[in-house]
Amino acid sequence: MEKLPPHIEMCPAVPTRSDPRGSALAMRGVERVLGGKPILKGIDLDVPAGTVLALLGPSGCGKTTLLRCIAGLDRPDAGLIAVDDFTVSGPECFIQPEKRRIGMVFQEPALFPNRTVGGNVGYGLPRAERDGPRVERALALVGLTGAADRMPSTLSGGQQQRVSLARALAAEPSLILLDEPFSALDAPLRAELRGEVRRLLAAAGATAVFVTHDQEEAFLIGDRVALMLDGKIAQVGTPADLYERPASRAVATFVGDANLLPAQAEGDVALTPVGRVPLARPAHGRVEVVIRPECVAACKGDDAIVERIEYYGHDAVIVTSSQGCPVRCRVMGRPPFDTGDRIGLEYVGEPSVAFTP
Amino acid sequence: MNWRALGATALAVALTVPFALPFAYLLVRNGQDLGGLWSALSDDRLVGPLLRSLALGISVALAAAVLGTSAAWLVARTQLRGRRIWALLLCLPLVIPSFVGAVALIAAFAPGGLVEDLLGIGWLPEVSGFKGAFIVLTLLTYPYVFLPVMARLRGLPPSLEESARMLGRRPIEVFLTVVVPQARAAIAAGALLVFLYVISDFGAVQLLRYDTLTRAIYADRLLDPITSIALSLVLGLLAVAVVAMERRSSRVGLRDQARMGTPLMVPLRSGRIPAYLFLVLLIGFSLVAPIAVLVFWAIRGLANGSSDATSVVADPGMIIEPLLSTAGVSVLTAVVALLVILPIAFRSVRRPGRLGEVLAGTVVGGFALPGLITALAFVFFTLSAPGPLGALYQTLPLLVLAYVVHHGALALGAAQSAVAGVPARLDDAARIMGKGRLRRFTGVELPLMLPGLAAGAGLVLLSTAKELPATLLLAPPGFSTLATKVWQAAELAAYEEAAIYALVLVAISAILTWFLVVRPALRSWAVTPVAGTSSTGVDSPITSGYPEVTAP
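Top to bottom, those sequences are chains A and B. Here this note's numbering is used: position 308 in the first sequence is 308, and no number is missing along the way. To convert a position in the second sequence, counted from 1, into this note's numbering, add 1000.
There may be inaccurate statements among the hints.
[Stated by the list, open to error] Reference excerpt, derived from the structure (chain B facing chain A, CB under 7 Å, subset only): (1) Ser1159; (2) Leu1160; (3) Glu1162; (4) Ser1163; (5) Arg1165; (6) Met1166; (7) Leu1167; (8) Gly1168; (9) Arg1169; (10) Arg1170; (11) Val1178; (12) Pro1181; (13) Leu1264.
[As the list claims (entries may be wrong)] Label-pair ranges, simulated between beta-carbon atoms: (14) Arg1084(B) x Leu34(A): 14 to 22 Å; (15) Ala1241(B) x Leu34(A): 45 to 53 Å; (16) Pro48(A) x Gly1421(B): 57 to 65 Å; (17) Val1180(B) x Glu31(A): 31 to 39 Å.
Think of the hints as simulated: they come from the structure by calculation, not from any bench. Quick caveat: nothing in here was measured; it's all calculated off a predicted structure. We put the CB at the ideal spot given by N, CA and C, even for glycine.
Next comes chain A alone, as it looks inside the complex:
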């Protein structure tokens, strides 16, 4: 038979007021152990009202578990979760998922197959409004006007996921959770829906947490991105924060393509195999500097030798070897070099960050 059920039990019907912080969603020290293995190791996170947080991380890092804890589908072993300044989960209290006013979109559309599209969208509404204008409005929002009488099985995968989103939005929840909602769709459809969902969430002024393992998706959809690694939040910030000023080596390598070059730091400048690189934070001695491939310009010179060229069409990466370490260098279009050529390298980006190895 099945494993232990989630430890969801009784809790006071009236939520208790927690420390108000002005955040639509606040988490403090959230921990969860599943099957003897710690999955969440003390999560602190705030999502201001009206913003979208992309929760980014590799599979198995605990992001879905965190989302389920917020939803009330799982109960944390420690820590506090507050929604709109009401504690929904804490040591003494646990609000059942149906009382949290949180909308959720799952990986699969999870539409009720026995109900029409309209019946699905109206499912979370008060009885009197179940087939009224609110259903039509929600469907219009996702571009499915007039589909209310169709059965979910007659829709394509992308359309089903839109209905699922309309269903979550129709109830006007205080918070919307999206758990990798596009992972089952093919690439072109994904790209299309990404933009659409971003527009929708902004138009609705919704507060949302969007879970994904895809960095591009996280950057496109999130006003802010929280990178989760191994059960902990590694960094929270705007996409530019994460990309340009990663808080750790791990963040730098997970988010985007990065050269980590050995260097000698002297205050706000470092000597690297690609020359002098300005530093955002002063450092001294032996360090590793994060250098994005597009911040390295290739020119005529004698600094490095071309080992390989990865040609992608719209751009290309020249893999070079400079002073014995590999340096990746991104150029637009097709590079005017061949394997074995000697070229010059030059740093052309903003001040970067350095870590002591």
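Mind docking chain B on chain A? Use the hints.
For chain B alone, kept in the frame of chain A given last:
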């Protein structure tokens, strides 16, 4: 097609013929006497029993659907303690044959019975008729709904129910608006099996004196055989129609989506006491109470002894003879059934096609026909047949033949899976190494198939050991099984004696059921079902391969 393949096909077809005999006989016999058929069908002798059969079948099916579905939801979806134990206990009423359940109910309310003893009341309610039959059959058949619904709930993607909860609906609303519609096909399949069980039931309605079709057929068989045969045809058509419906309904609607993670368990909170009370009462009345009543009478009988020296109460050693008869005839039937079924299974699996389906369908049809009708058809056939065929009446070979025709389908599913489980490559490999057909069969295929075949034979054994109507009609004079002993004692109101035989029968049935049905089911529940492979969980040759629907 070479000569050998032709021979195998001919053998399979020939072995299938007996399974079609009872129904064919009913058709021919009624066709020869259309006037008699018409007069039997157009008057009260048909309408009353038919309506009573339908009323009982429909009401028991509905009640079993409600009980079985509620119990499955409580066990699979709420924070109940001891989930595995409850699931196991809720299946166990399957081991009690309907006539034993009826004996227990009658004996409980009989003068001097458990109810009078415990409550000390002089006035006892009337338990016979519709009321008693409804109670006994509902309590014994709800597992036929419980099992497929459990399997379905296991296969449901948790995100459906989670979505509904996130959209603000309380667990009970989620149950009614999401779970029940999703489990509808499983509930319907289970309810149809219950309906079939009830309209085929002979023991319970006969003992509780509720005049359904089976009771009318049995009562008329000697004095008014024309009516009896006409009613048999009506009941047979009804049963076959139900099976056809069941097969169709189980074919559609049970496609599972990918299922991920463990389902959300509903906290019971203030519903905790009613929930446990419901399960305790259900198991109490369907399992504990009947056995307690039997134990009560058996102990009282053994303590007081009996003036009748031929009774098992006076001499417990007398249990040996019916016990050995039951075991012997059941083992014999299981072996014969396997020998008959194996060529049919081979033909239908190795050469899939229309003919294979017809053969398998005919075998299942033999199972769909109520045991009473199968037996009656053989009785009338042998009694009216001349010479050597007529001499078969009430002989052991004919009894075994009737058992095989009625229970063979129980082995068919298992045998088909066993045959399908042997890769055809192995046969090719052995052939290249120069082994002959017989050597290949005994050396390669048979050892691989043996566990599956044993399971199939075991199901035939279990059902034969509990069989009543065919044994009553076809057993040689002086040949008694445990089932007929229970029956005879119950008809004489010798409850002490009936209880002893019934307890032994239930014990044997429980042991066999544990090994053949419960353990495999528990083992399959231990692993998460793979997406797209939904089994209804009901052990029936009608839906799947591992049956346990035994005509009472």
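Right, here's what the structure says about each hint:
no., hint, in the structure
1, Ser1159, "4 Å, holds"
2, Leu1160, "5 Å, holds"
3, Glu1162, "6 Å, holds"
4, Ser1163, "5 Å, holds"
5, Arg1165, "4 Å, holds"
6, Met1166, "4 Å, holds"
7, Leu1167, "3 Å, holds"
8, Gly1168, "5 Å, holds"
9, Arg1169, "6 Å, holds"
10, Arg1170, "6 Å, holds"
11, Val1178, "6 Å, holds"
12, Pro1181, "4 Å, holds"
13, Leu1264, "6 Å, holds"
14, Arg1084(B) x Leu34(A): 14 to 22 Å, "21 Å, holds"
15, Ala1241(B) x Leu34(A): 45 to 53 Å, "50 Å, holds"
16, Pro48(A) x Gly1421(B): 57 to 65 Å, "60 Å, holds"
17, Val1180(B) x Glu31(A): 31 to 39 Å, "37 Å, holds"
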